[in-house]
Amino acid sequence: MDESERTALRFEHASLAYGRARVVEEVDGVVRAGESVALIGPNGSGKSTLLKAVLGLVAVVGGRIEVLGRVPARARRDVAYVPQADTLDAEFPVTAGQVVLMGRYREIGWIRRPGAGDRRIAAAALDAVGLADRAGERFGTLSGGQRQRVLLARAIAQQPRLLLLDEPFNGVDAVSQEALLSALASLGAAGAAVVISTHDLALAHLACDEVCLLNRHQVAFGPTAATLTPELLRAAYGGQALVTDGVVVAH
Amino acid sequence: MVRLLVEPFESPFMARALVEALLLGVVGAVVSVFVVLRRLAFVSDALTHTVFPGVVIGYLVAETDGIVWGALAFAVLSAVLLTLLAVNARVTEDATLAILLTGFFAVGVILVSRRSSYTADLTAFLFGRILTVDRQQIILTAVIGAVVLLTLALLGKELVLRAFDPDGAAARGYRVLALDLALNLVVALVVVASVRAVGTVLVIALLVVPGAAARLLSDRLAVIVVLAAAIGALGGWLGLAASYEASVNHGLRLASGATVVLALVALYAVAAAVGAVRSSGRLAFASGGLSSERAP
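Keeping their order, the protein sequence lines are chains A and B.
Numbering that gives the first Met the number 0 numbers the first residue of the first sequence as 0 and each following residue consecutively.
Numbering that gives the first Met the number 0 numbers the first residue of the second sequence as 0 and each following residue consecutively.
Bound-form chain B, shown alone (with noise of 0.2 Å):
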């Protein structure tokens, strides 16, 4: 077991890319916890879509460089656009946002498709090359991990109040918009962080799947965010090391970017389970006390 998850992480490529997946991981998850309680998931798809244009742009501009700079652009662009529409949306939210994740997306396929290097380009900008991570790939991570802790840190009670109760929010002099405006600029964030990484696709990933297992387990909301953070870290870990394992001593490929979100996944699928027998223990021990007086 600890050769499983140890060995394969001595290489210096792949303890780059479990620092990064361990940070994204972390950081993605903290973010997903806010996501599910505002149900914002299809909004964070659409994010990770509109990014997809600005990668490619700052691709074909500067080079992997440019990537970054493209993305946040974007990022931007789209955090804005979205907490605009959700305001002041005239069509069904989910169509508008539906036409909005398509065109950009397409967009960002036109371009691309220009280039000899199309399939090669395309499937890294979409599933990320996290074994190829750089020592400054990795800072840059760090560094904007760090603004997006801080920024939740700082706003964490305002954005839960919020998400609980909009209309109090703004009874209370909150301007929500505002609030709503920095949510999805940290969520555009974790997308261009990971943009290099597990790509914008697999990104959704990391900012659903940690908060919704870790809601299954917990009713509070210390506790959850506690959990969702180890869960997406131990994804990224379980996931770099099977697909290592899988590589490397099995002659079975697995996409790292994907067997993370694989590892997500089956980490849910657990916390489902045992959510389940908790709850059906809760309710044998509800029904039991209703027969007997409860103690004062």
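If we strip away everything but chain A, and leave its shape as in the complex, we get (with noise of 0.2 Å):
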């Protein structure tokens, strides 16, 4: 693989806006295939806006973002994207099963219906979050870590080259954390990248190879260990990030 193939995921001084208003300025960093990178920052810091920007949801207005070579629009089909569970309708009528199934509707294509092996790799991905059992459960009786699980083996079940999470670990129980934890390890072994939106700094110490701190524009972007530091968290959060026992909590 070459150096291209290898980068999932690079930014050049990105700016984003939405309409006339700029959210994120001068992010600049690269994520590499089956590295997993953290974006922290309080709320309001454009965590969100820049997940959506590497979907090509939100404009870029300024520099670059790469995403598996391509501008954001064209990476779609190989980018799944995980939304926060509790923003979806409970009492939608859909079981667990199907919501898995839809990360296949883009590769069955328009007005065919899923066939055997798309219903395979459906049944494997929630196998793969520990859910094999609930298929055709619906999906709002399900708890919300259940629900979140669900959600990531429908992102398994697109297998992407990418993914990105937008707080996957709110309110999480720890049976559905741990899973979580496992599925993303194994997508990361086979070579995804991943980025997750968090405010778990404890969570983004596990799971994540690398953190990029934000607040409207880029604090810091390296290494865990060493981006995940009292001054650094104390300049994004605005001095409000609290450190207690060796353990970084932030507000």
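Some clues are possibly wrong.
Which residues of chain B face chain A? A few of them, derived with a C-beta cut under 8 Å, are [claimed, not checked]:
#	residue
1	160
2	169
3	171
4	174
5	219
6	223
Over 10 Å on every C-beta distance to chain A, these chain B residues come out as not near it, computed from the model [to be verified]:
#	residue
7	2
8	115
9	166
10	225
11	274
With the C-beta cut set under 8 Å, the calculated list includes, among others, these residues of chain B facing chain A [stated by the list, open to error]:
#	residue
12	156
13	157
14	167
15	220
16	277
Since the hints were made in silico from the structure, they are not lab data.
Idealized CB from N, CA, C, for every residue including glycine.
Using the hints, put the two standalone chains together into the complex.
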């Protein structure tokens, strides 16, 4: 694999805007295949905006974002996005298995129905997050953590090279957290790059090789241990970061 | 019972009304599942009213034959307008919808009020005349219905994905705006097909009630679609039979379109009761199941 194949995501002084309002400025860094990066910053720091820009849904108004060697909108086929489970309608009449199968829709294409191959891939993905026995249950009846795992399974079924997760550990119980982490680790081992926006610094330590600290602009981008320092966290959180017992806690 | 349900339809005009009611009931019901999933009831209501001036203009230009074309033109216009509005709503969406709805409706009323047969015309446009539908009208309904059902069959999985997870759909490169336009057009087509038979006001019942009722009975999308279609058809049948029975044998004139709507609402009430019994049964089962270990 040459260098461009190995680079999953490249930010070059990227600035992002909604309409005329600049939301994020000067993001600079590289995420390689198999690597995982935590996006960390306070609410409104631009984490979700940055994820949307990688999906080509928010305009890059300065600099560049390159996704798998392409402009973001052209890379969507190989990029999976995992939304926060609690943003989805819990009353929606759809089973966990059907949600996972949605990850195959782009590959299935218009008009056609999912085939046996798609169902096999979806079943394997649900198994990878430890919920093989829940395929027939309605999505909304599962716990928050299980719903998050179903959404990760949907992303896995898509067989992505780059995976974007929006606050996947919010309100997730220990069992589900463990299942999410192990599924993410196997994705990384299989060569997929992972970007996780999160508030949870302990999990960033656990799950990510690198950290991008964000507060409307990039505060730091580098290896997790070197980047999650009290000084840099204070810079990102505006003095609201606390360090207790060696664990960094942020508000 | 058989007499009540079958006999009324021995006369040709009642038989035609039944065919029309069944067609509209089934097609409207399948669409209503998507209306309920997307929570588009108010948008659909707005569509029924914004089509109204088209009905009137079509009638003024070419009498009864013009109604469908006028309605179709305004249906397409309204579907596009409502889709765009949902994206760039500066005012809260429901206020904008209400303004649009009432504005278009007023234009229709002003146009129709210039005619000498004002009251009769208005009643026909608003509430339809299902007992006078002819063969041609039934064929038109069948054609529009086929287009609607085919569209939903072809775009079904993408429309469901968009309804469930719009951000996820956009992230995968689906044009959410195009999918929304497609569904709004489908809703608008049902309004067009229904204009002559049930009118622009009552069609909202066909576009909401069967889906809402079926949703109370099942959590499975495929089952919901089938149940909704059955409820839509049954509502049409029962409503027509009831209005015939009341008018002919009891001297009580019931407007047939409105009676169909009431039959649908009654079916909704039954579904709500059945749904309540089912979910309380499930709760009892669940709390009983907690005490004993779950089988592996």
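Going down the list of hints, with the structure as the test:
1. 160: Since chain A brings a Cβ to about 5 Å from residue 160/B, closer than 8 Å, the hint holds.
2. 169: holds (6 Å)
3. 171: holds (5 Å)
4. 174: Status violated, d = 11 Å.
5. 219: Check passed: Cβ of residue 219/B comes within 6 Å of chain A, closer than 8 Å.
6. 223: The hint holds - residue 223/B has a Cβ within 8 Å of chain A, the shortest such distance being about 6 Å.
7. 2: Answer for residue 2/B: holds, closest chain A Cβ roughly 38 Å.
8. 115: The claim holds: residue 115/B sits with its nearest Cβ about 51 Å from chain A, beyond 10 Å.
9. 166: Since the minimum Cβ distance to chain A is about 5 Å, residue 166/B lies within 10 Å and the statement is violated.
10. 225: holds (13 Å)
11. 274: holds (13 Å)
12. 156: holds (6 Å)
13. 157: holds (7 Å)
14. 167: holds (6 Å)
15. 220: holds (5 Å)
16. 277: Violated: closest Cβ of chain A sits about 14 Å from residue 277/B, beyond 8 Å.
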